[in-house]
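Visitor: Spelled out from the first residue to the last, the chains are:
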Amino acid sequence: MSMSVIRSLRRGGAGAGFGGMSAGRIRAVFRKELRDFRRNRFIVGTMAVVPLVFMVLPTVELLTMPAGLPTSALDTRIGLAMLYLLIVPAMVPAAISAYSVIGERDQGTLEPVLTTPIRAEEFLVGKALAALLPTLFISYTMFGVFLGCAELFAQPAVATAALRGPQLLAQLLFTPLVAGWSIWVVIAISARVSDVRVAQQLGTLASLPPLAVSSLMSFNVIHPTLRLAVTLAAVLLVVDSLGWRAVAAVFDRERLITGSRALR
Amino acid sequence: MSSTPALVVEGLTKHFGGRTAFSEASFTVEPGEVFGFLGPNGAGKTSTVRTLGTLIAPTAGSAVVAGLPLTPANGVGIRRRISVMPESPGLYLRLTVAENLEFFAGLHELPGARDRIERALRAVNLSDRAGDPCRALSKGLRQRVGLARALLNDPTVLFLDEPTSGLDPVAAREVHDLIADLRGRGVTIFLTTHRLAEAERLCDRVAIMNTTLRTIGRPDELRERLFRKSLEVRTRAPLADPDRVFGALDGVESWQLDGSGAYVLAVSDPDSAAPAAVRALVAADADVLSLSQSQHSLEDVYLRLIESDPEVSAA
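Chains A and B, in that order, are what the protein sequence lines are. If you're matching positions, the first sequence starts at 1 in the working numbering and goes up one per residue. If you're matching positions, the second sequence starts at 1001 in the working numbering and goes up one per residue.
Because the hints were derived from the structure by calculation, they are not lab data. Ideal placement from N, C-alpha and C gives every residue a C-beta, glycine not left out. Some clues are possibly wrong.
Quick partial rundown of chain B residues pointing at chain A, CB under 10 Å, derived from the structure [to be verified]:
no., residue
1, Ser1047
2, Val1076
3, Arg1080
4, Ser1083
5, Met1085
6, Gly1090
7, Leu1091
8, His1108
9, Gly1146
10, Ala1150
11, Phe1159
Using the sequences provided together with the hints, build the complete structure.
Guide: Structural data, given as structure tokens:
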């Protein structure tokens, strides 16, 4: 997710824009989405259950780590548990963003929205920011619970290793980056498929890359290094920053409204 | 009120792959006019609205919508000046009426949104339902919310696509009253409908479309164009020699006996032919039950045009 977009929104005011976009219209979509999420029991339920499921394994792993593990082994196992927690910001958007375009089309609300002056980019950025906020809230809350469990119930040596600065910083930084990547992938899917369920199912694919990275590390195929972390962060930052452009390019008003592709 | 036409459409055509949605549509809509767009299912009415509303791109032809040429570059500008109410109002059912309108006011970036929302709700008599979730409203009330939403930005042209589709007669009547009220306020309305009585009651002019434009004009003009003026005479008993009674009358061009036993006289001027016909009937000792000018509705016009359409006949 582009930080410039967020800054632009904070500045506020109608017409204050980013890349020609109107902050006022993005804010309108953002607010409407949050209101709608809060009253959608399915989304609230999914947002509550999915993260809990993905928090159980790393928490159990943390609490069952023996005190006498060598430091390197302890760091690796804690690193993997935290990496596993990054599936939460990858999975939550699948529940929220899958509805973003195809859900609107199915309930007949897309057409009235697209007959207003809103641009595709504004619509998509508003949707993405509205998905980002609850995703960050849930992911950081889960991480806080995980750290709380470490502090209260894990072996002291394990707790000390879990609460180390670099680990915390990496988790705090990667959470929005992974969420942003996942949100754009799922919105892109939602803009192209013809059924919400298909969008949800395909959207879960967004969690595969973090899962793959976790697996590769746990099988010692790749090793967690600072260089790897910086490279991954840079790639995610680029994808998040340019995601709105890519998704806007696949957002075809005519196909979404009529089911037929626009002849250009 | 501006004298620039609200809509100028020239040769507008839309194909979806190999299928023609509408072809070579040309018409002009004047400011403040209520323009009816009639046609059977699949005639291209909704596609025309979507094209003029910048939702879909035309394959050929040109248009000027609310003063702006219909081009991709003008999409946002046109959408600022118009409102489109699709057949289904497309409300966010979990949001309240006011929240729905607030969202759309935000999309239009309207100053004084709160006042505009209140005004729009007053216009559709829904001020007391502002806090209700849209899911709790009947279909007719949802349609009224859709109309309120369409009024928020004070559009130069308001497109209403089948606004009374699926409504019961009472709810449809309420929507008619709202449209009549908007007409009174000088809003240009482009109304697509299946309901011919609705078009006849509300529209200044109508166009009848069946992929291509079949005719266009005021409802009374279309009636005159398609149907000869006539008088219908009913008598207690058949006339002994109707040719002698009607054949000599000035202004009566021909006569015939219709299936119900009434004499139908083709006349050039019903006002002068009617008294002469009465006098001739009295002179012939006929017991006259009724004499009336034949009324052809817009439905008669529509059916004659559509039934004589080669495409419909072929189908």
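Visitor: Decide, hint by hint, whether the structure agrees.
Guide: Checked hints:
This hint holds: Ser1047 (chain B) has a C-beta 8 Å from the nearest C-beta of chain A, less than the 10 Å allowed. Interface restraint check for Val1076 (chain B): the shortest CB-CB distance to chain A comes to about 5 Å, inside 10 Å, so the restraint holds. A hinted interface residue such as Arg1080 (chain B) counts as satisfied when its beta carbon comes closer than 10 Å to some beta carbon of chain A; here the least separation is about 5 Å, so the hint holds. Interface hint status for Ser1083 (chain B): upheld, as the beta-carbon distance to the closest one in chain A is roughly 7 Å, under 10 Å.
Proximity of Met1085 (chain B) to chain A holds as hinted, the smallest CB-CB distance being about 8 Å (cut-off 10 Å). Here the hint on Gly1090 (chain B) is kept, as its CB sits about 4 Å from the closest CB of chain A, short of 10 Å. Checking Leu1091 (chain B) against chain A: minimum C-beta separation of about 7 Å stays under 10 Å; hint holds. About 6 Å separates the beta-carbon of His1108 (chain B) from the nearest beta-carbon of chain A, less than 10 Å, and the hint is met.
Restraint check, Gly1146 (chain B) versus chain A: the minimum CB separation of about 8 Å is within 10 Å; hint holds. The restraint placing Ala1150 (chain B) at the interface with chain A holds, with a minimum CB-CB distance near 9 Å, inside the 10 Å limit. Here the hint on Phe1159 (chain B) is kept, as its CB sits about 8 Å from the closest CB of chain A, short of 10 Å.
In the structure shown, no violation is registered for any of the earlier numbered hints.
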